[in-house]
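With these hints in hand, go ahead and build the complete structure from the sequences.
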Amino acid sequence: MMKIDVNNITLNYTKAGKGDPLILLHGNGEDLHIFDPLIDKLKLNFTVYAVDSRNHGDSTKTKDWTYETMAEDIFQLIEKLELKRLSIVGFSDGAIIALLLAIKHRDLFYKMILLGVNLKPTDFKKHIYKSLVDEYEKTQDPLVRMMLEQPNIELEELKNIETPTLVVSAEDELFYRKGFKDMVKIMPNAKLKIMKNHDHGSYIINTDVLFDDLVEFIQ
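Take the sequence shown: its position 104, counting from 1, is numbered 104 in UniProt numbering, and each next residue is one higher.
In case anyone wonders, no lab produced these hints; they're calculated from the structure.
The beta-carbon is built from N, C-alpha and C at its ideal position, and this holds for glycine as well.
Incorrect hints may appear among the rest.
What the hints assert, rightly or not - BS3-like cross-link-like pairs, simulated, lysine-lysine; straight-line CA separation at most 30 angstroms:
| # | residue 1 | residue 2 |
| --- | --- | --- |
| 1 | Lys41 | Lys126 |
| 2 | Lys3 | Lys41 |
| 3 | Lys84 | Lys111 |
| 4 | Lys130 | Lys181 |
| 5 | Lys80 | Lys125 |
| 6 | Lys18 | Lys63 |
| 7 | Lys181 | Lys111 |
| 8 | Lys191 | Lys41 |
| 9 | Lys178 | Lys120 |
| 10 | Lys61 | Lys43 |
| 11 | Lys196 | Lys125 |
| 12 | Lys196 | Lys84 |
| 13 | Lys43 | Lys15 |
| 14 | Lys191 | Lys84 |
| 15 | Lys43 | Lys3 |
| 16 | Lys18 | Lys191 |
| 17 | Lys104 | Lys191 |
| 18 | Lys61 | Lys80 |
| 19 | Lys126 | Lys196 |
| 20 | Lys125 | Lys63 |
To be verified - Derived DEER-like restraints, expressed as beta-carbon distance ranges:
| # | residue 1 | residue 2 | range |
| --- | --- | --- | --- |
| 21 | His105 | Leu155 | 18 to 24 angstroms |
| 22 | Lys18 | Glu137 | 47 to 53 angstroms |
| 23 | His127 | His105 | 33 to 39 angstroms |
| 24 | Arg85 | Lys125 | 33 to 39 angstroms |
| 25 | Glu162 | Ile194 | 33 to 39 angstroms |
| 26 | Glu154 | Asp58 | 17 to 23 angstroms |
| 27 | Ile128 | Lys18 | 39 to 45 angstroms |
| 28 | Pro37 | Ile128 | 24 to 30 angstroms |
| 29 | Asp36 | Lys3 | 16 to 22 angstroms |
| 30 | Tyr110 | Asp134 | 38 to 44 angstroms |
| 31 | Lys193 | Glu162 | 15 to 21 angstroms |
This is how it looks when you write it as structure tokens:
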């Protein structure tokens with residue numbers, strides 16, 4: 001494990017492999033270890049950086065629970081590590097962070113892969129959103145509150161992202177399919193892949209179905 005001070009906190013991360021840099025960003029309530037099986041494969045082709053987001057894993061715990069702040073954390077990490085020809089893979093919350101970075105810094109990424117991403121809480125299917133409301137009423141978990149209130153990205157903000165982007169949705173997704181199609185339609189260099197027979201998180205765990213697509217797209 002490695003540590004880096006950014007944005008008044010300390011981020012925990014790992015580095016493995018050789019080749020062009022590739023950052024992996026995990027989802028809500030997870031940590032970088034969700035990617036361990038994938039890193040074992042990707043490190044043969046890339047220098048892989050997997051990061052614990054703030055309030056996750058072994059990174060600093062704070063009272064700031066915004067995706068914008070988390071995106072700034074990652075931007076400062078990229079700047080400090082002087083990463084060039086950088087690609088990024090973000091899953092769920094990690095994909096939101098990647099998207100916010102691409103909106104704000106148009107030339108930051110060589111390639112971008114967004115796994116299970118949403119632009120707004122209203123992208124959740126109604127029964128999923130209701131279950132999150134029920135969970136928050138019981139637990140008052142700030143991670144759940146994040147999903148209920150954020151992100152708030154306008155579709156129009158994506159039209160200037162020229163980074164080649166692969167948007168991935170599970171066949172049995174938490175979000176409405178229309179949101180994914182709208183993203184790909186407005187982004188000039190984006191395409192959509194549907195993971196058949198998978199739900200929101202299963203293809204992250206069963207990495208064999210994901211690895212070939214990632215390597216082919218990035219290289």
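Now the hints, each set against the structure:
Distance restraint check for Lys41 and Lys126: the Cα-Cα separation of roughly 37 angstroms exceeds the 30 angstroms cut-off, and the hinted pair is therefore not satisfied. Among the hinted pairs, Lys3 with Lys41 is consistent with the structure: their alpha-carbon atoms are about 23 angstroms apart, no more than 30 angstroms. Taken as a hint, the Lys84 and Lys111 pair is honoured in the structure, with Cα atoms around 12 angstroms apart against an allowance of 30 angstroms. This hinted pair checks out: Lys130 and Lys181 have alpha carbons roughly 23 angstroms apart, not beyond 30 angstroms.
Of the supplied pair hints, the one linking Lys80 and Lys125 is violated, its CA atoms being roughly 39 angstroms apart against a limit of 30 angstroms. A hinted pair counts as satisfied when its Cα atoms are at most 30 angstroms apart, and Lys18 with Lys63 does not qualify at roughly 36 angstroms. Between Lys181 and Lys111 the CA atoms are separated by roughly 19 angstroms; this keeps the pair inside 30 angstroms, and the hint holds. For the suggested pair Lys191 and Lys41, the alpha carbons sit about 24 angstroms apart, so the restraint of at most 30 angstroms is met.
Taking the CA atoms of Lys178 and Lys120, the gap is about 13 angstroms. The hint holds against a cut of 30 angstroms. For the suggested pair Lys61 and Lys43, the alpha carbons sit about 29 angstroms apart, so the restraint of at most 30 angstroms is met. Of the supplied pair hints, the one linking Lys196 and Lys125 holds, its CA atoms being roughly 18 angstroms apart against a limit of 30 angstroms. Among the hinted pairs, Lys196 with Lys84 is inconsistent with the structure: their alpha-carbon atoms are about 34 angstroms apart, more than 30 angstroms.
Pair hint Lys43 plus Lys15 holds up; C-alpha atoms about 9 angstroms apart against a cutoff of 30 angstroms. At roughly 24 angstroms between alpha-carbon atoms, Lys191 and Lys84 fall within 30 angstroms of each other, so this suggested pair holds. Straight-line distance between C-alpha atoms of Lys43 and Lys3 comes to about 20 angstroms, which keeps the hinted pair within the 30 angstroms bound. Distance check on the hinted pair: Lys18 and Lys191 sit about 27 angstroms apart at the alpha-carbon level, within 30 angstroms; holds.
In summary, the hint linking Lys104 to Lys191 is supported, as the alpha carbons are separated by about 21 angstroms, within the 30 angstroms threshold. Under the criterion of a C-alpha separation no larger than 30 angstroms, the hint pairing Lys61 with Lys80 is consistent with the structure, at around 21 angstroms. Among the hinted pairs, Lys126 with Lys196 is consistent with the structure: their alpha-carbon atoms are about 22 angstroms apart, no more than 30 angstroms. Restraint check for Lys125 and Lys63: satisfied, since their Cα atoms lie roughly 28 angstroms apart, inside the 30 angstroms limit.
Checked against the hint of 18 to 24 angstroms, the C-beta distance between His105 and Leu155 comes to roughly 19 angstroms, which is consistent with it. Separation of Lys18 from Glu137 is about 48 angstroms and conforms to the stated range, judged on CB atoms against 47 to 53 angstroms. Between His127 and His105 the beta carbon distance is about 36 angstroms. The supplied range of 33 to 39 angstroms therefore holds. In this structure the supplied range 33 to 39 angstroms holds for Arg85 paired with Lys125, their Cβ-Cβ distance being about 37 angstroms.
For Glu162 paired with Ile194, a C-beta distance near 24 angstroms fails the hint of 33 to 39 angstroms. Roughly 34 angstroms separates the CB atoms of Glu154 and Asp58, a value that falls outside the hinted 17 to 23 angstroms. As the Cβ distance of Ile128 to Lys18 is approximately 40 angstroms, the hint placing it in 39 to 45 angstroms holds. The supplied range of 24 to 30 angstroms is met by Pro37 and Ile128, whose beta-carbon atoms lie about 26 angstroms from each other.
Separation of Asp36 from Lys3 is about 19 angstroms and conforms to the stated range, judged on CB atoms against 16 to 22 angstroms. As the Cβ distance of Tyr110 to Asp134 is approximately 41 angstroms, the hint placing it in 38 to 44 angstroms holds. In this structure the supplied range 15 to 21 angstroms holds for Lys193 paired with Glu162, their Cβ-Cβ distance being about 19 angstroms.
When each numbered hint is compared with the structure, violations occur for hints 1, 5, 6, 12, 25, 26.
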